[in-house]
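Construct the entire structure; sequences and hints are all you get.
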Amino acid sequence: MLHSHVTGWTITLILFIICAMKLRTGQPPKALHMILRLMYIIVLVTGSHLLFAVWQMAPMAIVKGLVGLWVISTMEMTLVRGTKGKPIKGSIIQFVIALILVFILGYGVLG
Numbered sequence: 001m002l003h004s005h006v007t008g009w010t011i012t013l014i015l016f017i018i019c020a021m022k023l024r025t026g027q028p029p030k031a032l033h034m035i036l037r038l039m040y041i042i043v044l045v046t047g048s049h050l051l052f053a054v055w056q057m058a059p060m061a062i063v064k065g066l067v068g069l070w071v072i073s074t075m076e077m078t079l080v081r082g083t084k085g086k087p088i089k090g091s092i093i094q095f096v097i098a099l100i101l102v103f104i105l106g107y108g109v110l111g
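Under full-length UniProt numbering, think of the first position of the sequence shown as 1, with each following residue one higher.
It is worth saying that the hints were derived from the structure and are not from the lab. Beta carbons: idealized from backbone N, C-alpha and C, even for Gly. A couple of the hints might just be wrong.
As the list claims (entries may be wrong) - Lysine-lysine pairs mimicking DSSO-like chemistry, simulated, CA-CA at most 30 Å apart:
id, residue 1, residue 2
1, 30, 86
2, 30, 89
3, 84, 22
4, 22, 86
5, 89, 22
6, 30, 84
As the list claims (entries may be wrong) - Computed spacing ranges between beta-carbons, pair by pair:
id, residue 1, residue 2, range
7, 37, 2, 17 to 25 Å
8, 7, 80, 22 to 30 Å
9, 42, 108, 18 to 26 Å
10, 53, 24, 37 to 45 Å
11, 42, 62, 18 to 26 Å
12, 52, 87, 35 to 43 Å
13, 110, 84, 18 to 26 Å
Structure, rendered in structure tokens:
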């Protein structure tokens with residue numbers, strides 16, 4: 001299940017970057033955004049499985065799960081705000097902070 005989760009969030013990050021680049025060109029990435037939302041669900045399901053089955057609800061795993069939700073919410077918030085033409089600088093900063101934290105927790109602490 002770990003490999004499915006890593007593959008899921010890797011594809012999610014790639015799709016997010018592609019969608020963000022399409023926003024800069026002025027094209028709303030509707031189809032890609034829908035696929036990205038499907039990837040959010042896959043990442044959430046595989047992450048939940050890891051949290052409940054593998055780490056047995058360890059406190060640091062719960063914190064990592066919450067930070068992972070923060071990453072997904074900032075990704076979605078960034079794309080929605082960008083589609084509406086609103087500034088996304090704050091959303092991008094939140095995304096980078098949350099992504100760094102989730103990598104530290106995932107590979108450094110839970111390893």
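Against the structure, the hints:
Our distance criterion of 30 Å between C-alpha atoms is met by residue 30 and residue 86, whose separation comes to about 17 Å. At roughly 21 Å between alpha-carbon atoms, residue 30 and residue 89 fall within 30 Å of each other, so this suggested pair holds. For a cut-off of 30 Å, the pair hint linking residue 84 to residue 22 stands: about 14 Å separates their Cα positions. Note on residue 22 and residue 86: the hinted pairing holds, with a Cα-Cα distance of about 15 Å set against a maximum of 30 Å.
In summary, the hint linking residue 89 to residue 22 is supported, as the alpha carbons are separated by about 16 Å, within the 30 Å threshold. Note on residue 30 and residue 84: the hinted pairing holds, with a Cα-Cα distance of about 12 Å set against a maximum of 30 Å. About 23 Å separates the C-beta atoms of residue 37 and residue 2, a value consistent with the hinted range of 17 to 25 Å. With their beta carbons about 25 Å apart, residue 7 and residue 80 fall inside the hinted range of 22 to 30 Å.
In this structure the supplied range 18 to 26 Å holds for residue 42 paired with residue 108, their Cβ-Cβ distance being about 24 Å. For the pair residue 53 and residue 24, the beta carbons lie near 40 Å from each other, so the given range of 37 to 45 Å is met. Between residue 42 and residue 62 the beta carbon distance is about 20 Å. The supplied range of 18 to 26 Å therefore holds. Roughly 38 Å separates the CB atoms of residue 52 and residue 87, a value that falls within the hinted 35 to 43 Å.
Here the CB-CB span from residue 110 to residue 84 is close to 36 Å, at odds with the stated 18 to 26 Å.
Going through the hint list in order, the structure does not satisfy hint 13, though it satisfies all others.
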